[in-house]
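Asks: So the protein sequences, as listed, match chains A and B.
Residues 36 to 655 (the working numbering) are what the first sequence spells out, left to right.
Residues 352 to 680 (the working numbering) are what the second sequence spells out, left to right.
Please keep in mind that the hints were generated in silico from the structure rather than gathered at the bench.
The C-beta atom is built at its ideal place from N, Cα and C for all residues, glycine as well.
Incorrect hints may have been included.
What the hints assert, rightly or not - With the Cβ distance kept under 10 Å, some of the chain B side facing chain A (calculated, not the full set):
hint, residue
1, Glu417
2, Asn424
3, Phe427
4, Asn441
5, Leu442
6, Pro445
7, Gly461
8, Gln464
9, Leu465
10, Ser562
11, Met587
12, Thr588
13, Leu622
14, Asp626
15, Thr628
Here is what each chain is made of, one letter per residue.
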Amino acid sequence: MRQDDNYWLRRPGSRRLGRRRFIAGAASGTAALAGLALVGCGDDDDEKSGETPAPGQTPTPGQTAAASPTGTPAPQRTAGGVARGVFLGALDFDTVDLHRVRANPTLWMSNSVLNKVVRHKNPDTGEIEGDLAESWEPIDAANYVFKIRKDVYWQNTPVTNGRQLTAEDIRWHWQRQKDGKLSDGSAGDFARGSLYKQISKIEVTDQFTIKVTLEKPNATFLDSISGFGATVPNREATEQFGEKAPKTRTEEAMPATGAYTIKQWRADKEVIFQKNPKNFRKGEPLLDGTIVPLLFGDPAAHRIAFEQKQVDSWAAPDNNTTKSVIDAHKGQMREVLTGVANTVYLHLNMNKQFKDVRLVRAVNLAFDRRALIQSLHQGLGQVSGPVTWLQEGYAIPTNDLIQMDGYRVNRDEDNKKARELWSAANGASLGEINVATIQDWLNVYPDTITLIPAMLNKALGVNQFVSRKATYEDVTANLANGTFPNWFAWTSAVGGPDPRQGLRSTYHSTSTTNYQHVNNPELDALLDKAIQETDYKKAIDLVRQIQKILIDNASFGNINAYNYISRGASWNYFHGLLKVEASEGKPGEGYSLFAGHLAPGATWLDTKDATYQGRPSATV
Amino acid sequence: MARAEQSTTALAGEQFGFGNVERPSLARRLAAIARRNKLGAISFVLAALVLFIGAFSPFLQRYEEERQFQTANPEFNPTASPMEIARNPNLSTPFVLNRFEGVSWDHWLGTDQLGRDIYSRLVVGARLAIIIGIGASLVSVASGTATGLISGYFGGKTDFVLQRVVDGVQAFPGLVLLLLLVQVVEKPSLTLTVAVLGFLGWAASTRIMRSAVLGVSSSGYVEAARSTGATNLRLMTRHILPNVFATMIIIFSISIGLYILAEAGLSFLGLGPADQTTWGKMVNSGRNLIDTHPEESLLSGAAITFAVLVFNLAGDALRDELDPRLRGR
């Protein structure tokens, strides 16, 4: 592999996109709070298959996979078998209603079961391909026509009767989120409503053709509907289960169109996926099923399960532990490095305690990102600005970032400034400040609850900060009413390389998911301009201007900290989705951005590999 | 009447002619007890050591317990790309934590995964363990004695109602009750932890104290005092309580170890005092690395085991000495 072919080493200027390609290729980014979700998929999705064939071109079982970068013939893909994975966030669940869901588990599951109108062919570059749409025509950045496939059928359940999916399903999917209303007319908190509210008209021109018109041109629209949270659910099931019993997990709530059906989805039980024989992508999935144990609040138990081959891939919170396990099983495991798309954030509520932006700026300055990368990730990570380093094209170059508030190498300078701001804004009057740490995070990094307050108290020279545990539900349930706690943990998975829609959703004054109630006319104007911009370089320039305002205002309370790098391991018999295959002495490279939708076509088990021996059998 | 109400204990002594016997000095009596119960004596010394460490932890801890020891990192390159960092994590930060340092003069028990001095953390943990163990025991014994005294002395409906409450509390799984009580408050502080643990032991203390009070209440000297017109309060505080004091001491001493253990369990689950370093929290902190770097979990686990063991043995020894039926066995 040439060095410059590596995603992580490429530089923003290295990408060249034409206007048309740009419209097709821009991707939605992270909505810091808007798309708040749990972690877990980042690590697990790393370990799924390689290149995804275009629809209809999926390799059939037995077909040879792409050769490895070193030229060594890769083993032949074989169909069958049941994989066992782990989804760390599986215990955090909010609703079965896909339009209102914020937590990762439901969205993550939906990407194995359902489809989007279009999807990312390569999430890291933002390249798009058809999914439910067999073709699409961007008339301009405000008008799109989609031709829907005629071979898509809903899983046969009592509510769907196995009916065909049509353009009407897509219309309902967009219209419901645009209106923000449930079927009885009552208002709902639609997590991604901000995007769909930009739609002015949806027309179903025939049974399989749909035209959408946006109020204003939006160069990121296609990417936004390709993202992690854009799967199209079934209307009847949503109205019956998602609206009437949103908290009740049941496999009936998510009838499939895609690779897998859900055989079991119940509270406190493992999730079981079973191959969907009616999947329109012929030959997918390669596996007969996947079992996702609701294991692991306990990383040590996770490791033991991995070493006993009860799960096929794994990543320890402590990178050195992963390394030691790989070394202990030399030649039997692969190492995979992946940037974790769930950015680590510190959120301060500007509606409540932190109304004075100087206080937020002070905390942003006092927040030692590199110390946390060292303490919690043993150095495996890099600081992120308002746009993460995963979205390298738009991110502020590191050379510039390290001159900015909160990112300087010289901590004394930042701390001095932080104390001045804290004092000027009478930070002492805030009394005790609780920065809650999310329980899921604490399961993995239990010392955070003392590290964060100690860091802030020391840097600001106060004794005001404490940290108590909270759940994601404590946060998500209070986003819309603006009373969410100050909190620290992972936030939304970065959906694609283009951050513009995410930035707009989070910071535009008219956005329904602007939970910090930011109202900055200059920022609004830039966000509006950026989202319409079809020239890549100009778009980058606008996004950098936006970031400058955000950093000057400590991202209005949504303080980006860093993205870390996960060192994962998988047994040799397990073949997952890798952007770059592992080769001798070199680790594999996973997709940093969400690619779970590509996994069914590429995840397989090599039963002939020697390491397969001793693996406990699994059936679905 | 005042004369008639002399301490019943003293009265009993004089009645049997013990009053004129010359008693050996405290030191000699302790020495005799130590010879008779060697294990008990050793456990008392060790329990005293734990108490000493807890009491003087600010002087014994060598460093601030949350201090992270670190070394300047000459390889730091703030503009390194993530992939370069993936290959060499030293590029990402201006310092490197002194993680998992071995035993040395600087760090008597080494450092943990965050570069913190394990010895200092253990010493601070001892203080918390002692505060919680003794505090919760005091709460439990004091409240249990009060209700046991009322219940046993008054009997009848009062006894019936109080004992049904005790039945109710005892029927509820202790751990669940503990979790419930801690969960309902936003911040599990030290005071709350002590109060909750103490409350959990209240039912058992009440039951034991009630039995003791029932035994004493029917004694002749209590009847004698009652016949002289002593009030209920006076009877309970002057005549019954002093005679169940030994039972109180035994419950108290045996409970300390149990509460240390319970607090460790709570802290392990993340429900202990949020802002304090405790042994349970240390076990939890080190559990993710238990196979590669077990030092923190093992040492803190050993501290818990040691403290619980010595307090239990000391409690047993105390019971043996204070209960004439067990003395010398």
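Asks: Grab the minimum C-beta distance from Gly461(B) to chain A and call the hint holds if it beats 10 Å, violated otherwise.
Replies: Constraint on Gly461(B) not satisfied, violated at 16 Å.
Asks: Is the shortest C-beta separation between Asn424(B) and chain A less than 10 Å?
Replies: At 9 Å from the nearest chain A Cβ, Asn424(B) passes the 10 Å test, so the hint holds.
Asks: Regarding the hint that Thr628(B) lies at the interface with chain A, is the smallest CB-CB distance below 10 Å?
Replies: Holds, about 8 Å.
Asks: Regarding the hint that Met587(B) lies at the interface with chain A, is the smallest CB-CB distance below 10 Å?
Replies: violated, 42 Å
Asks: Let's test the interface hint: is any C-beta of chain A closer than 10 Å to that of Leu465(B)?
Replies: Given a least distance of 5 Å, the restraint on Leu465(B) holds.
Asks: Should the hint that Thr588(B) touches chain A count as held when the rule is a Cβ pair under 10 Å?
Replies: violated, 42 Å
Asks: Would you settle whether the hint for Asp626(B) is holds or violated, based on the nearest Cβ-Cβ distance to chain A being less than 10 Å?
Replies: holds, 6 Å
Asks: Please check whether Gln464(B) passes as an interface residue: C-beta within 10 Å of a C-beta belonging to chain A.
Replies: Nearest chain A Cβ about 7 Å off; hint holds.
Asks: Regarding the hint that Leu622(B) lies at the interface with chain A, is the smallest CB-CB distance below 10 Å?
Replies: This hint holds: Leu622(B) lies near chain A, its Cβ roughly 9 Å from the closest one there, short of 10 Å.
Asks: With 10 Å as the cut and Cβ atoms as the points, is Asn441(B) at the interface with chain A?
Replies: Because about 6 Å separates Asn441(B) from the closest Cβ in chain A, which is inside the 10 Å limit, the hint holds.
Asks: Given Glu417(B) as an interface hint, is its Cβ closer than 10 Å to any Cβ of chain A?
Replies: holds, 5 Å
Asks: Can Phe427(B) be said to touch chain A, with a Cβ gap under 10 Å?
Replies: holds, 8 Å
Checked against the numbered hints given earlier, this structure breaks hints 7, 10, 11, 12; the rest are met.
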